[in-house]
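**Student:** Residue numbers (this note's numbering), protein chains in the order written: chain A, 1 to 89; chain B, 1 to 178; chain C, 1 to 110.
Hints are computed from structural coordinates only; laboratory data are not their basis.
Just to be clear, a hint being listed does not mean it is correct.
[As the list claims (entries may be wrong)] In the BS3-like style, the derived pairs of lysine-lysine whose C-alpha atoms are separated by at most 27 Å in a straight line are:
no., chain 1, residue 1, chain 2, residue 2
1, B, LYS92, C, LYS66
2, C, LYS101, B, LYS93
3, C, LYS66, B, LYS100
4, A, LYS80, B, LYS55
5, B, LYS100, B, LYS8
6, B, LYS155, C, LYS103
7, C, LYS87, B, LYS155
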Amino acid sequence: MLETVILIVFAMIGLSLLLNVWRLLIGPSVPDRILALDTMYINSIALIILYGMSMGTALYFEAALLIAMLGFVSTVAVCKYLLRGDIIE
Amino acid sequence: MQLETRFKWLPAPVLSLLLFIVWLLLNNSVSAGHIVLATILAIVIPMATNPFREKQPLIIKPGLALRHLMLVLFDIVTANVQVAILILGPNKKLTPGFVKVPLDLTHSTPITILASTVSLTPGTVSAEVYPCSETFIEGKTSEQRFLLIHVLDLKDEQALINTIKQRYEAPLKEIFQC
Amino acid sequence: MTEWIISILLLIGGSFVLVGSIGLVKMPDFFMRLHGPTKATTLGMASLLTGAMIFFSTTEAGLSVKEILISLFLLLTAPISAYMMIKSAIHHKLDSIERTKGKGNIEDDV
Numbered sequence: 001m002l003e004t005v006i007l008i009v010f011a012m013i014g015l016s017l018l019l020n021v022w023r024l025l026i027g028p029s030v031p032d033r034i035l036a037l038d039t040m041y042i043n044s045i046a047l048i049i050l051y052g053m054s055m056g057t058a059l060y061f062e063a064a065l066l067i068a069m070l071g072f073v074s075t076v077a078v079c080k081y082l083l084r085g086d087i088i089e
Numbered sequence: 001m002q003l004e005t006r007f008k009w010l011p012a013p014v015l016s017l018l019l020f021i022v023w024l025l026l027n028n029s030v031s032a033g034h035i036v037l038a039t040i041l042a043i044v045i046p047m048a049t050n051p052f053r054e055k056q057p058l059i060i061k062p063g064l065a066l067r068h069l070m071l072v073l074f075d076i077v078t079a080n081v082q083v084a085i086l087i088l089g090p091n092k093k094l095t096p097g098f099v100k101v102p103l104d105l106t107h108s109t110p111i112t113i114l115a116s117t118v119s120l121t122p123g124t125v126s127a128e129v130y131p132c133s134e135t136f137i138e139g140k141t142s143e144q145r146f147l148l149i150h151v152l153d154l155k156d157e158q159a160l161i162n163t164i165k166q167r168y169e170a171p172l173k174e175i176f177q178c
Numbered sequence: 001m002t003e004w005i006i007s008i009l010l011l012i013g014g015s016f017v018l019v020g021s022i023g024l025v026k027m028p029d030f031f032m033r034l035h036g037p038t039k040a041t042t043l044g045m046a047s048l049l050t051g052a053m054i055f056f057s058t059t060e061a062g063l064s065v066k067e068i069l070i071s072l073f074l075l076l077t078a079p080i081s082a083y084m085m086i087k088s089a090i091h092h093k094l095d096s097i098e099r100t101k102g103k104g105n106i107e108d109d110v
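Make a model of the complete structure from these sequences and hints.
**Tutor:** Given below as structure tokens:
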């Protein structure tokens, strides 16, 4: 039963990633696109964890943690760039 | 309010505890070696980074802090269900709005915690603290500060301000004693 | 029994993540779009990771609590990235929809 549930959740996450891509493409402003990217990295963490579960290995955990950290830092860096025109002042 | 800890070698107890727990979680073990290493890191890193940080109020009532954390976690779950219902409902019924909440807190750590809780609980996202932090001088407390929040579905402005002040700000004031 | 719990947690998590993304597409202006991803997605991820934690604790040897770390990290960082994004949106003077109340509360930043 768990295999079926994992497949269903895979489909849900895939659908939400598609919705994010839609928002990323239509914009209309730069903060909207940043928001879409921010949501996309969180969803990709979910995808990686699910893939690890379906393969039955906990190896992908480190990858998920790295994506979480780098995603947060890059979101803040891009926002800082929009605010100031500089990342490090 | 209390800015300095009793022990010089432990400048930020909460940070040390967090580092200890995170190190053990990262290694996923509670063996003696890892506990020793975690203790060393939890003491050395806050001491080394202490000169970079401004003096912030310390948590004086840890029991109350823990209870407040539980309340906030519970609120996050209920708030998410509410927001999910609002999102799936029709757009036309929503009346968004910006609200200014006057703050009694003065230091940046309590204000950051309050802003984060507001962001994670019912239909509100904190947007800005006025006057902006660049123009605000720490220690000069004569100026009243405001928290600007964006509300997804604004029904009663005064009731919302009262809820935030009583439910989230009052416990923080008591925890930090400021 | 544990299989049931894991399945329910995964389904709840997946649907919250989906609701967050629906909010991202459906809402009319940026400030309203921000609510979906910051709240619904964070709780969805927390639920999903709890499911994963129980799964790895039962299938592999020993308790696996590393997944709490990602939930904790997302819970701590979600408000901060939301704050940075709404700050840059206000700085760029993005339009909010007509019926937004209290637009006068926004002050010009320096």
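**Student:** Is it true that the CA of LYS100 of chain B sits at most 27 Å from the CA of LYS8 of chain B?
**Tutor:** Violated. LYS100 of chain B to LYS8 of chain B sits at ~39 Å, over the 27 Å cutoff.
**Student:** Given the hint that LYS101 of chain C pairs with LYS93 of chain B, test it: the Cα-Cα distance must not exceed 27 Å.
**Tutor:** With Cα atoms ~14 Å apart, LYS101 of chain C and LYS93 of chain B stay inside 27 Å; holds.
**Student:** Given the proposed pairing of LYS66 of chain C with LYS100 of chain B, does the C-alpha separation stay at or below 27 Å?
**Tutor:** This hinted pair is violated, its Cα atoms lying about 39 Å apart.
**Student:** For LYS92 of chain B and LYS66 of chain C, compute the direct alpha-carbon distance and say whether it is at most 27 Å.
**Tutor:** 42 Å, violated
**Student:** Can you confirm whether the C-alpha distance between LYS87 of chain C and LYS155 of chain B stays at or below 27 Å?
**Tutor:** 24 Å, holds
**Student:** Just to be careful, I want the Cα atoms of LYS80 of chain A and LYS55 of chain B compared with a cutoff of 27 Å; is the pair within it?
**Tutor:** Satisfied, since the Cα-Cα distance of roughly 25 Å is no more than 27 Å.
**Student:** Given the hint that LYS155 of chain B pairs with LYS103 of chain C, test it: the Cα-Cα distance must not exceed 27 Å.
**Tutor:** 15 Å, holds
Of the numbered hints given earlier, the model fails hints 1, 3, 5; all others are met.
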